[in-house]
Amino acid sequence: MSDRILGAVCVVVGAGMAWAAHGYAAPISYEPVGPRAFPLLMAGLMAGAGAWLVVRPGPHGFGLARDHLKPISFAVVAVFIYAALYEWLGFTLATTVMALPVGMAFGGSWKQSLAAGAGLGLVLFLLFDKLLDVVLPTGVLSFILGGR
Amino acid sequence: METLQYLLTGFGVALTPTNLMVAAIGAFIGTIVGMLPGLGPINGVAILMPLAFALKLPPETALILLAAVYMGCEYGGRISSILLNVPGDAGAIMTALDGYPMAKKGMGGVALSISAWASFMGSLIATIGIVLFAPLLARWALAFGPAEYFALMCFAFACITGLMGDAPMKAALAAIIGLSLSTIGLDSNSGVYRFTGDNLHLSDGIQFIVVVIGVFSISEILLMLEQHHKSEGIIKETGRALFNLKELALTWWGTVRSAVLGFIVGVLPGAGATIASAMAYSMEKRMAGPDGHFGQGDVRGVAAPEAANNASAAGSFVPMLTLGVPGSGTTAVMVGALSLYNITPGPALFSQNPTLVWGLIASLFVANVMLLCINIPMVGVFTRVLRVPNWALVPGILAVSTVGVFSVHATTFDLMLMSTFGVAGYLLRKQGVPMAPLILGFVLGDMMEQNLRRALSITNGELGILFQSPISKGLWIIAAAMIVVPPLMRMRAGHKVHAVI
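Heads up: the protein sequence lines correspond to chains A and B, in order.
Residue numbering for the first sequence follows our numbering, starting at 728 and increasing by one per position.
Residue numbering for the second sequence follows our numbering, starting at 12 and increasing by one per position.
Next up, chain B with everything else stripped away, as it sits in the complex (with noise of 0.2 Å):
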């Protein structure tokens, strides 16, 4: 009831003018950064994290900003996916699989109509499930103290590492790289500084938006150049535009399914849109059996993934919200961008700053209406902002970008070191190493530090306090399994397949 109370308020934060319009325009540019090959939600919500500071929005308008941008992310990818066979975003990799042969039979409309309606069902059930669960969690984590702080962040590293599939070293690189970018700059608690090089610039740190735009907006114009689009060309002929009853009955309980298992992967730190959608499609497959197209145009191929990506993308915000350990790269930027305004996500967020929460999930049921209603009947504008050559596209995201990283401190200073982070995080990539965990150990570190010299401070320095309380231990023990299970499981697949050979 005490819920539903919240809400009610929260939905008061999300409809006043400014913040409808703000997710209006939110839904619209998420959609079509989403669509465009090479920029997903992570570019797109970095790109306009420092644009929201700058022009001064309060804290729950900038944070439903961004999320209008992540949940129209995941709408948008699917429309490059159906039309051009080149997934807009990672989560739309496997709505190409059915959605472009759809395209080439004439249903493009079809499968761009039955596929927003999978984006919205995915997208409500699972903001459903915060509303249900986020509260709940929050509640549990009060809690918590710092020993298991420490060892619920180790937590989310071990699953970022372990479900990041061909190379879990890099992935763990990537983080100790973030964990030690964080330590340049002052240290609080002793004035000592660290890593500065007595560099003015670097006393305070380095800017959280510097590293992001650095590593995903700079190396990811300098990737787009090797790209080639081998692209048949955009499909002009999509047919009939909407779904009929018929469809929308044979993907009904598809769609739900891939909507509840979207949100349990988006809940779990580490994974994300990607798995989520390839885990709901190879379901749906196995689930229709003999009767199934799978591959060469079912509608149920192009739900089942769509449901999927956008659950995901909203279960995503459960534990940023309620822990203050973002679960994806996307909702770490998005507690950088609270770090901005001196807010910490976390349990206690929930009590001391409902209008923020309770707005953000509201504004979420607000922008998925929104989205559903922009991208049914205005596909034809999004298909012509495809048309935009990439020779003006790309100096344009650039010149976007520096405006937000100069916005902050207004440093030449700052510009150079966004360079070098691109540059970097372009040879890296290049290499195999993700970036997701590196933002992830870069927003964490602090509070890890800060967490780990607190609960050794209880006991005066004796290791045993991080692995004393259950929920620690328990912890700990996911952790380890995190690590360890994914590479025994794929040994094991990997005798099945020599077996079969």
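Same shape as in the complex, but just chain A (with noise of 0.2 Å):
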């Protein structure tokens, strides 16, 4: 079943890729093939191995057991808050508050976690801003770490 939502989503996709680069035309054109060509021939195999699938479903089930769905959706939301916060709070911080979720869904206590995240937040950012040249963003830390 779950094979078959997928192919069902690559023939939407497909579709919509076809109706988006229909219009792709050059002003001026010095090739025979333009650059509509290539991304038509891609919508029309994704279309393709989309129905292919909705047709003849392999026995792969999706299978995801109930007791993962609540750590998995945490750490989906850590991830996409982190990245929400990062330029904001800074790294350091930003690490910090993405490793307690992330910790706790991987079995550590809310402590362990917290602990966890400052240190790697500090530890990351000396190592990368400070030794390595690699600039990091101090973000609401920025009057102690400097930088912007």
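By construction, these hints were calculated from the structure, which means they are not laboratory data.
Incorrect hints may appear among the rest.
[As the list claims (entries may be wrong)] Stretch by stretch, here's where chain B covers chain A in the computed footprint (C-beta under 8 Å, at least three residues):
| # | stretch |
| --- | --- |
| 1 | 800–806 |
| 2 | 844–850 |
| 3 | 858–870 |
[Claimed, not checked] So these bits of chain B aren't anywhere near chain A, every CB distance computed over 12 Å:
| # | residue |
| --- | --- |
| 4 | A260 |
| 5 | A289 |
| 6 | T394 |
[What the hints assert, rightly or not] Among chain B residues calculated to face chain A with C-beta under 8 Å, some are:
| # | residue |
| --- | --- |
| 7 | G117 |
| 8 | I187 |
| 9 | S201 |
| 10 | L409 |
| 11 | S418 |
| 12 | G475 |
| 13 | I476 |
For glycine and all other residues, C-beta sits at the position ideal for the given N, C-alpha and C.
Each chain sits in its own coordinate frame; assemble them with the hints.
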């Protein structure tokens, strides 16, 4: 069943690609094959592969155990929040905030996860930003850590 | 003779203090990454690649780092296979079959040292193979025109889908997704913006790093949440630390055979360390016959797959360096790393950038010696890393991954896109869609389209040119065979099974 859903999504995406790519034309063309052909070919193949999966789905089920649902959705949300807070809070604080739910999803207590996050945030910041010259955002801590 | 001279130049590059240090660091990190269950060479190389770029390492140094990590991973995988009965990476699955029983019998030290030796031999033989065959292949490939290149890339995709085993259509789908993603952004020939949705961040296309980190690092973290390692804990009593001469003699020819086999499998696009080690294991098992006790702790069963998986890792550099068409997910990531430096691997690389190519090849020798040196005496250090709990490890992986992504453009948009790719990659992998073809498609997409357009420009749109030259004809025929033959063989094997039942 889940193969059929995947296949259907691919057919829709393929159709969307074809629709979007339909209008791609070079204002002045020097070559017989323009910017439209390859995307259209891919759109066709995508829809074709999707249709194949709809017609002949494999035995493969999605198979997500119910007790995994919570930690996984936790982790997914944490990753997005991490990305959103990265520049604003700065690397160190954002990492601390991210490590709490992620660490707990992997079986740590909240104290352990928080400590790991704070430690990682600080050590990695010092390692990359100060020692190795890979610039990281300092965010709200910029008055201590310098930078922007 | 010429080759020898180039190789000496290469050693000149590899033996500079910076490159030596980078190779040692890469070897060490690689062993750890390979050892940790869930993280394999592709994750390690993907996470380190943007860092190498952000550290402003010169291209050959960056490539040496990544190559050392790749080789180190093939070494590291065996440690957790032997001591935990959980393969550290996909290439080490077969090592657990005999390695763990050996460790249970109190011969863990022997298993670890003989497998480190076999890994060394595998890498060494395969690197010699690179030296012998890569320049020849590169010279031959110089004759390739756009049509041949297009056929070659189709051949690579055919290999990767045909050999992907259980779900070729899903591997094909992954490649199509990768190719489609590569079309996003400005088309350089015509100035048309494709699939950007008027988003300024997408006008330059999607950053390779964002895709790689998303589908290999973020999605891996989500998958790790579901894995329950039913291991019985680390075996602490490892007994005698070094193999003896009798064990060395017993495994010698099997190691050499497996290394040669692994190299050949590695050179083929699509087939990687997993297939190589499985083939080597079953070959040795068959050759040992009744006097082997494979599965219950036979030294030969530890040496053969380790020699093969290291050899195939080294072998997969051949198509990448000579043709510019990577044969495995990991080398695809390396091609992406080179593209950050505006270097396109291919046959011309051997003549235009010999320091890069030969420096890399020489550093494979150097890193291999280093790996042998750190892997036999320092096993204790590595096993301690295995005890780092996941609640500290995983946030660390995530944080280092974002450092890499952020270092390229420093935008929140890229981080968001990375997270999106992570979730999408997770869903696709759960559905049995492999990610290696996706990365291969994304890396090769632009080259494939450009070669197709160039080829068709020659004939003004006539498709016949794609099938005209003997080289492209040959490639198309093998590509077709790659897709058609494996299912037929599976069907025949299936019939046989039915006949037996």
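For each hint, the structure was consulted:
For the stretch 800–806 of chain A, the stated coverage by chain B holds: 3 residues have a C-beta nearer than 8 Å to a C-beta of that chain, and at least 3 were required. Counting residues of the stretch 844–850 of chain A whose CB lies closer than 8 Å to any CB of chain B gives 3, which reaches the minimum of 3, so the coverage claim holds. A count of 6 residues in the stretch 858–870 of chain A with a Cβ less than 8 Å from any Cβ of chain B is obtained; the coverage claim is therefore met, three being the minimum. Under the 12 Å C-beta cut-off, the non-interface status given to B:A260 relative to chain A holds; the minimum distance is some 45 Å.
The non-interface label for B:A289 is consistent with chain A: the shortest C-beta to C-beta separation is roughly 21 Å, beyond 12 Å. At the 12 Å boundary, the C-beta of B:T394 stays outside the reach of chain A, the nearest C-beta of that chain being 20 Å off. With a least beta-carbon distance of about 31 Å to chain A, the hint placing B:G117 at the interface is violated under the 8 Å criterion. Taking 8 Å as the C-beta contact cut-off toward chain A, the hint placing B:I187 at the interface holds, the least distance being around 5 Å.
Here the hint on B:S201 is kept, as its CB sits about 3 Å from the closest CB of chain A, short of 8 Å. The beta carbon of B:L409 comes within 6 Å of a beta carbon in chain A, closer than 8 Å, and the hint placing it at the interface holds. Nearest Cβ of chain A to the Cβ of B:S418: about 5 Å, under the 8 Å cut. The hint holds. At a threshold of 8 Å, the smallest CB-CB gap from B:G475 to chain A is about 13 Å, leaving the interface hint violated.
Contact between B:I476 and chain A, as hinted, is not supported at the beta carbon level, the nearest pair being about 11 Å apart and thus beyond 8 Å.
Of the hints listed earlier, those the structure fails to meet are numbers 7, 12 and 13, in rising order.
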